[in-house]
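Trainee: Listed here are the chains, written in short residue letters.
2 protein chains.
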Amino acid sequence: VSSTQPLFDRVAIIGIGLIGSSLALALRQSGLAGSIVCGDASEQHVKMAMELELVDEAMTDNAQAVRDADLVILSTPVGTLGGVAESIGPHLKKGCIVIDVGSVKQAVISAVAPHIPANAFYIPCHPIAGTEESGPEAGFAELFQERWCLLTPLPGTDEAALDKVRQVWRKCGAKVEVMEPATHDRVLAMVSHLPHGVAFTAIGAADALAGDLKQEVIRYAGSSFRDFTRVAASDPIMWRDIFLNNREAVLDILRRFKTDLAALEQEIVRGDGAALERRFEHGRALRRGVTGGRFVEPPVLKDAGK
Amino acid sequence: VSSTQPLFDRVAIIGIGLIGSSLALALRQSGLAGSIVCGDASEQHVKMAMELELVDEAMTDNAQAVRDADLVILSTPVGTLGGVAESIGPHLKKGCIVIDVGSVKQAVISAVAPHIPANAFYIPCHPIAGTEESGPEAGFAELFQERWCLLTPLPGTDEAALDKVRQVWRKCGAKVEVMEPATHDRVLAMVSHLPHGVAFTAIGAADALAGDLKQEVIRYAGSSFRDFTRVAASDPIMWRDIFLNNREAVLDILRRFKTDLAALEQEIVRGDGAALERRFEHGRALRRGVTGGRFVEPPVLKDAGK
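Chain order of the listed sequences is B and R. Just so you know, the working numbering puts the end of the first sequence at 309, numbered straight through with nothing missing. Just so you know, the working numbering puts the end of the second sequence at 309, numbered straight through with nothing missing.
Here chain B stands alone, though its shape is the one from the complex (with noise of 0.2 angstroms):
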């Protein structure tokens, strides 16, 4: 029994792949709920969950699970957010608090906001944390150790939901912000969204070299071009999800991308010396955060016996 109150008496994970999962081990361990309930559609998961002891009880019926929940939390796939908030919305509980945990916010509080009651509270949420690994089995207590989590309110959040919210993450290890919806999928583009597509592509550009080439390509394949495209290996509905769901955000780093590699690729042919050593030393001063701000190092994950 932990020494901190329960927040809540009563937790509905819907969704209990990589972060549901997660979040249901830190749940348990921060003592902030009651007793935790998940929701999924996969019947393998539903029993996995079970035998893995993430939660108390699981089903496929989202509706059975968030009812007399006073924590929602929507951890299924960006695309399916609307569907799932569509299926819940009419039987939860009075004064229940529902956060989502997507990757995109604009587009999911458009899909899912339509469908909260008025008489409970949804608070957009999105905890920068993952692994290359996913599903149920693939959780664990410490995702959000350090890792940042945005919430991006709407106007006029009830201020003590969202600081329930904030305090369910802050237990779970997480540095929260609170920010603009338009502003972060802003941010999330340029940060996350354009470097998957990109490593994507090379990698795409790799597997389409001739025969032999593309043999000797995989063997040197060494430490940078695995750096470069460990972002590559994340669950591709989740990003073809973000990919058509923060589309214009995505659309115009590309835009700015592409002009920028054609005036590297322009240097390159001009054989441009001095245009392309300003290049790479402006990109390492940026790099090393010599120049502006820092380019944050987060702390390294603290070991899961801790």
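Hints listed in this document are in silico derivations from the structure and should not be mistaken for laboratory results. Note that the coordinates shown come from a computational prediction; the quantities given were computed from them, not determined experimentally. Careful, some of the hints might be misleading.
Each pair may be met inside one copy or between any two copies, as identical chains are not told apart.
[To be verified] Quick list of in silico lysine-lysine cross-link-like pairs, BS3-like style, CA-CA up to 27 angstroms:
#, residue 1, residue 2
1, Lys-217, Lys-178
2, Lys-174, Lys-97
3, Lys-217, Lys-261
Go by the hints and put chain R onto chain B.
Mentor: What follows is chain R alone, placed relative to chain B:
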């Protein structure tokens, strides 16, 4: 005193940066070199090479440094190698082996080979190893451990000389392969030069964002952006010379990459979820080494103490 019989009475290292200083330390440990001398245009480097006890002798005069050397290692930036070869050529001992460590091979061979006299042996090498640091103080003996070193010998190269060069790299811990210079340049354009160009470009795009947004981007640049741009932290002069000297192969890969990136963009514009999912699924499979060969993960660097 090492149990290994010195393979070379005298080794000259021209350019005592990260690679040169690491080779000096590794060669000393290996017992392959009777004595090690370095030549470097920078007086500061010469001073540090002596202070750090990297070599037995250090001087700014390269022609003097190579005198009586049985092995000469050219480890200056790619763009300077032709000039360095020209200045040392007349002073090389008969039967001397000359190697370079440039990241590009065809252009380097064209620049260096004409200056090596017929009674010496020139063998182009490329150890695929490096860190974010540069200069003589950045060197460490284990830099080449478990890393690839690609040799791109010219037609008719003396087998005994080639075998000695193999031994040098193997004693430094590297895995040695022989390859055609043109193949080398195309493979490296894909696994190394493209990722660097793209990472520098992404950093530049982040830097070009308007003030407030840029600050947010810098703040929330998490592990994916950090991994993705790590490759952009190394020496700007080295990268300028690589892009100038591997122009054709880099431009070819850049064109393929741009075509694929435009296809991704069009899928986003169209909102083509099925195409995006296929693309990301395929990328993940390739990244994980399921389709075709494995993207090789090199072993972790051994402890310096071993």
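Trainee: Let me make sure I understand: some of the numbered hints might not hold for this structure. Which ones are they, in numerical order?
Mentor: none
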